[in-house]
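**Student:** Chains Z and E are the protein sequences, given in the same order.
When we follow the UniProt record's numbering, the leftmost residue of the first sequence carries the number 1, and every step to the right adds one.
When we follow the UniProt record's numbering, the leftmost residue of the second sequence carries the number 1, and every step to the right adds one.
Hints are computed from structural coordinates only; laboratory data are not their basis.
Fair warning: there could be bad hints in the mix.
Put simply, identical chains are the same to the list, so a pair is met inside one copy or across any two.
The list that follows gives simulated cross-link-like pairs (lysine to any residue, SDA-like), each with its CA atoms no further than 25 Å apart [stated by the list, open to error]:
hint, residue 1, residue 2
1, Lys6, Ile276
2, Lys6, Thr20
3, Lys6, Ser57
4, Lys312, Pro239
Here is what each chain is made of, one letter per residue.
2 protein chains.
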Amino acid sequence: MRVTIKDVAKLAGVAPSTVTRVIQNKSTISDETKKRVREAMVELDYHPNLNARSLVSQSSQVIALVLPIDSDVFYQNPFFPTVLRGITQIASDNDYAIQICTGQNEERRLDNLKQLIYGNRVDGLIFLYSNPNDPLVEFAIKDKFPFLILGKAASPFVSLVDNDNIKAAFDATDYFIQQNYRKIAFIGGNKELFVSQDRYEGYKEALQKAGIPLDEKLVHFSFGFMLEDNSYQMMESLPLAELDAIMTTDILVAEVVRQYLLEHQLTIPIISFDSIKPRLDIEAYIDINAVELGRESVRTILQIIKDHKEGKTVCYRQLIDHTITKL
Amino acid sequence: MRVTIKDVAKLAGVAPSTVTRVIQNKSTISDETKKRVREAMVELDYHPNLNARSLVSQSSQVIALVLPIDSDVFYQNPFFPTVLRGITQIASDNDYAIQICTGQNEERRLDNLKQLIYGNRVDGLIFLYSNPNDPLVEFAIKDKFPFLILGKAASPFVSLVDNDNIKAAFDATDYFIQQNYRKIAFIGGNKELFVSQDRYEGYKEALQKAGIPLDEKLVHFSFGFMLEDNSYQMMESLPLAELDAIMTTDILVAEVVRQYLLEHQLTIPIISFDSIKPRLDIEAYIDINAVELGRESVRTILQIIKDHKEGKTVCYRQLIDHTITKL
DNA sequence: CTGAAAGCGCTTACAG
DNA sequence: CTGAAAGCGCTTACAG
């Protein structure tokens with residue numbers, strides 16, 4: 001058997017409850033006793049049984065990352081692994097563990113989530129996607145369970161951590177405008193996603209501010225994953241010869257655009273969004289700072305969990321700055 | 001408070017232990033009682049406290065995915081999200097949850113792992129990388145804790161799930177040889193990785209079988225992440241004009257190669273390995289079937305966990321077939 | 001076929 | 001400053 005708190009107590013000559021207090025570093029315990037107990041813990045290589053601890057403390061020290069259905073485009077994008085790096089950093093700093101929650105369909109995803117929540121296996125949730133009317137988000141709201149959305153939220157009373165995507169797209173478009181480009185195409189990802197909509201909004205605002213009329217023929221959205229058979233067709237519908245620049249909202253989209261241009265020996269500057277330094281040779285990119293998004297979302301969910309224990313309900317809205325980088 | 005087993009028992013008019021037996025679907029319970037208890041569970045929307053269950057059953061129903069240090073190239077590759085899809089599928093089918101274990105340095109990673117293992121929070125581990133002399137793997141071996149490696153293992157007594165990388169690279173090279181190509185370059189990823197070494201081995205074997213002498217000038221390995229300043233230099237050191245074809249062991253490498261060729265208006269067919277359909281326009285790719293790798297690794301670790309409970313120690317070596325796809 | 005009791009390994013009041 | 005007792009919500013022998 002593993003070594004238990006009793007073993008430590010016996011070796012240190014104290015009661016188990018005293019060992020607990022030493023672990024919690026309570027100020028009521030004498031330094032001398034603390035020292036003795038800590039030595040015993042090291043000597044026995046003691047690690048508390050987390051299930052026992054969670055059972056009584058009603059807290060699991062686990063955060064669940066809620067992912068979309070496992071067939072989603074989400075998994076193609078470097079966003080997820082990058083944001084995960086930031087998440088694990090801060091989680092580990094705070095002795096929190098990370099659990100994954102997903103499933104093959106909506107029903108399974110909800111089942112899995114319920115099991116985690118009702119089963120007391122997690123203290124809070126981070127949603128790594130945001131769709132309108134997501135049943136899991138709605139469940140968390142109804143259950144008053146601590147959660148936040150990494151991205152935009154449909155409801156205004158939901159905590160979130162996100163970029164200012166309108167501003168970011170404004171900056172991206174403006175970057176080209178400053179170079180006296182006027183014919184700037186916009187090629188977005190899935191139009192259903194908040195993020196595509198916001199970036200389109202920023203594009204329009206930048207044009208408007210510069211007095212450039214919006215030309216619908218320069219605007220395209222792709223549905224789901226970009227490298228479909230029709231993506232080249234879409235490129236051909238653009239007035240490529242007159243184009244000054246192209247803005248894409250997604251690195252997967254940018255890859256296809258870039259490839260098309262190379263194959264047709266066209267040189268049109270591209271700007272895109274990415275969560276890592278793009279591996280393709282484009283003009284510039286908006287770094288959404290995915291690692292920091294991950295970090296901040298853990299800091300925030302930790303705060304929400306704390307608030308929840310104290311009976312408070314605060315709605316947090318944290319914006320992470322983007323940076324524009326010329327390549 | 002959440003509804004507990006006592007609430008269910010009371011509503012169904014039975015003892016708590018009977019509720020447990022119904023959940024476990026023991027054959028000793030009468031159908032009539034089962035029915036009553038199940039109705040009560042549904043009515044109360046009962047979900048057992050997993051911490052209490054784990055405490056007594058000594059089993060957490062959680063598998064940890066052990067990841068490399070969070071600065072690793074690993075996170076750039078679509079391998080991880082793809083394999084994760086397979087993992088969550090089978091885990092969810094078997095009522096297992098997935099936890100992430102990583103850290104900013106080796107020490108933290110080992111600490112986190114120990115906490116999970118000694119804390120009874122996980123039943124088994126899947127290592128998503130394989131390096132010689134990894135301290136975490138060595139800890140799992142010493143502790144006799146159930147684990148497997150997704151990839152090649154240094155020790156011959158360690159369970160693993162992997163592709164036959166030698167065979168896969170052989171097939172890739174042979175694909176070109178069958179087209180009467182003879183000058184085939186090999187551009188590998190990090191030479192320290194087993195996977196690069198094995199793929200190089202397969203390349204050599206295919207050449208040898210075809211009677212083509214190995215030309216060292218056609219062979220290159222990159223260190224770490226490919227898109228470094230020296231990657232174009234490396235391309236220029238190749239006798240590009242004479243080359244019939246290029247094989248790369250990694251899609252990140254292939255991207256750079258492809259980009260170089262496009263920019264220099266060279267058309268040399270490329271074959272690469274990938275875990276998803278490549279988003280770039282190359283001749284063919286070896287699909288390593290990452291989703292199936294994920295699925296099989298969960299099936300296998302579940303078996304290892306079961307063996308462990310029964311005191312057995314079996315070493316499993318599961319190979320997942322690759323497929324070659326012309327694009 | 002089912003119940004009562006004991007116990008998993010912690011932590012949290014309660015005492016002193 | 002520290003200990004003894006109770007209890008978190010389950011499951012597992014033990015009885016009958």
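**Student:** State for each hint whether it applies.
**Tutor:** We went through each hint and held it up to the structure:
{"no.": "1", "hint": "Lys6 with Ile276", "result": "neither (49 Å within a copy, 51 Å between copies)"}
{"no.": "2", "hint": "Lys6 with Thr20", "result": "within (11 Å within a copy, 29 Å between copies)"}
{"no.": "3", "hint": "Lys6 with Ser57", "result": "both (18 Å within a copy, 20 Å between copies)"}
{"no.": "4", "hint": "Lys312 with Pro239", "result": "neither (55 Å within a copy, 68 Å between copies)"}
Taken one by one, the earlier hints fail for this structure at numbers 1, 4, listed in ascending order.
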